[in-house]
Amino acid sequence: MTLQQIAEKIGLKPLCALDMLSKEVSSGYVSDLLSDVMANAKAGDLWVTMQTHQNIVAVASLKEIVGIIIIGGREPDRQTLLKAEAEKIPLLLSELPAFEVVGRLYQMGISGKR
Amino acid sequence: MQDLSLHILDIVENSLTAGAKKVEIRIGEDISQDRLTIEIIDDGQGMDAEMQAKALDPFFTTKTTRRVGLGLPLFKETCEICQGHFLLESHPGKGTKIKAIFPYAHIDRKPLGNLGETLLALIVGHPDVDIYYEHKRDGIKFSLDTKEIRAILEDVPLNDPGVVSFLRTYIFSQLAELGLDKEYII
Chain A
1 MTLQQIAEKI GLKPLCALDM LSKEVSSGYV SDLLSDVMAN AKAGDLWVTM QTHQNIVAVA
61 SLKEIVGIII IGGREPDRQT LLKAEAEKIP LLLSELPAFE VVGRLYQMGI SGKR
Chain B
1001 MQDLSLHILD IVENSLTAGA KKVEIRIGED ISQDRLTIEI IDDGQGMDAE MQAKALDPFF
1061 TTKTTRRVGL GLPLFKETCE ICQGHFLLES HPGKGTKIKA IFPYAHIDRK PLGNLGETLL
1121 ALIVGHPDVD IYYEHKRDGI KFSLDTKEIR AILEDVPLND PGVVSFLRTY IFSQLAELGL
1181 DKEYII
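From first to last, the protein sequence lines stand for chains A and B. Under our numbering, the first residue of the first sequence is numbered 1, with each subsequent residue one higher. Under our numbering, the first residue of the second sequence is numbered 1001, with each subsequent residue one higher.
Keep in mind the hints are simulated off the structure, nothing from the lab. Keep in mind that the hints are not guaranteed to be accurate.
Heads up, incomplete: computed chain B residues facing chain A, CB under 7 angstroms, no partners named [said to hold, decoys possible]:
id: 1; residue: P1103
id: 2; residue: V1156
id: 3; residue: E1177
Chain B is nowhere near these chain A residues, computed Cβ spacing over 10 angstroms in every case [said to hold, decoys possible]:
id: 4; residue: K23
id: 5; residue: E24
id: 6; residue: V25
id: 7; residue: T52
id: 8; residue: H53
id: 9; residue: E64
id: 10; residue: L93
id: 11; residue: F99
id: 12; residue: R114
Since we're looking at a predicted model, the values are computed, not measured. No residue lacks a Cβ here, since even glycine has one placed at the ideal position from N, Cα and C.
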């Protein structure tokens, strides 16, 4: 399933790196502690977080994460947007809380298996 | 709490609840030494040793036995999650000093957030309290003392719309001098 399809299905608002939305995703990770994401997320994951600071883009880039879903109606900082565009990491905004987002992703076949 | 400015807001509100008439907020960004220091010093009623232990224990609660909320334990956790140090020093009748030292570049250190808006909110919300704000960033310093500003304004309150507008422009331009833009989130 592509990021674009996921975004349409659960109503995410893609904000940047729109040309990367055709990427395929089959796994995900959810955490708000950046060191935990660095230690435990894997390449190709879709990452669900409430963090909005530009460090999330640095971590995503380092771990080759394909996209970041920012939950709870939070808006990313301006620097985060600029970095995400530069690093080609799509940011997808959701009004839903994390539990709902992750539940819907799981129903769509996105797994969290390590 | 998403950033450190919100912790600062929370801790200063504690100080005011404790009857502080003067609050100092000192921010030190020593990037070359990989150190961020936040100090909040008040002249509130202070706490004895027993009260200090209670203030830091998140489980010792109920609002009747606890004057402050979860502000201190949460700030301490924010500090320790990135290998920082948290110090609480308090003397009954004199006041309380909180010092948090963070490794500047640690990946789990929360960003500072919008300190300009935080400072403005405190001044506007508590125009009669003396708020001293000092922000040092790699050798450059910005400081603001509402006591001095109040003396110049004489009878005009600090939360007068014209004064707030001036303060907003002044604070953000001074923070810009330190290299922090309006949406500064480091």
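Checked hints:
Using the Cβ-Cβ criterion of 7 angstroms, the hint placing P1103(B) at the interface with chain A is not satisfied: the shortest such distance is roughly 12 angstroms. The interface hint given for V1156(B) is violated, since its Cβ lies 34 angstroms from the closest Cβ of chain A, which is over the 7 angstroms cut-off. Taking 7 angstroms as the C-beta contact cut-off toward chain A, the hint placing E1177(B) at the interface is violated, the least distance being around 19 angstroms. The Cβ of K23(A) lies farther than 10 angstroms from every Cβ of chain B, with a closest approach of about 25 angstroms, so its non-interface assignment holds.
Residue-level check passed: E24(A) sits 28 angstroms from the nearest beta carbon of chain B, beyond 10 angstroms. Every C-beta of chain B lies more than 10 angstroms from that of V25(A), the closest at about 24 angstroms, which supports listing it as non-interface. The beta carbon of T52(A) sits about 7 angstroms from the closest Cβ of chain B, which is not more than 10 angstroms, so the claim that it is off the interface is violated. The beta carbon of H53(A) sits about 5 angstroms from the closest Cβ of chain B, which is not more than 10 angstroms, so the claim that it is off the interface is violated.
Every Cβ of chain B is farther than 10 angstroms from the Cβ of E64(A); the closest lies at roughly 17 angstroms, confirming the non-interface assignment. Chain B leaves L93(A) outside its interface by the beta-carbon criterion, the shortest separation being 15 angstroms against a cut-off of 10 angstroms. With a minimum CB-CB distance of about 18 angstroms to chain B, F99(A) clears the 10 angstroms threshold, and the non-interface call stands. The claim that R114(A) lies off the interface holds: its Cβ sits roughly 21 angstroms from the closest Cβ of chain B, which is beyond the 10 angstroms cut-off.
Hint compliance for this structure: hints 1, 2, 3, 7, 8 are not met, and every other hint is.
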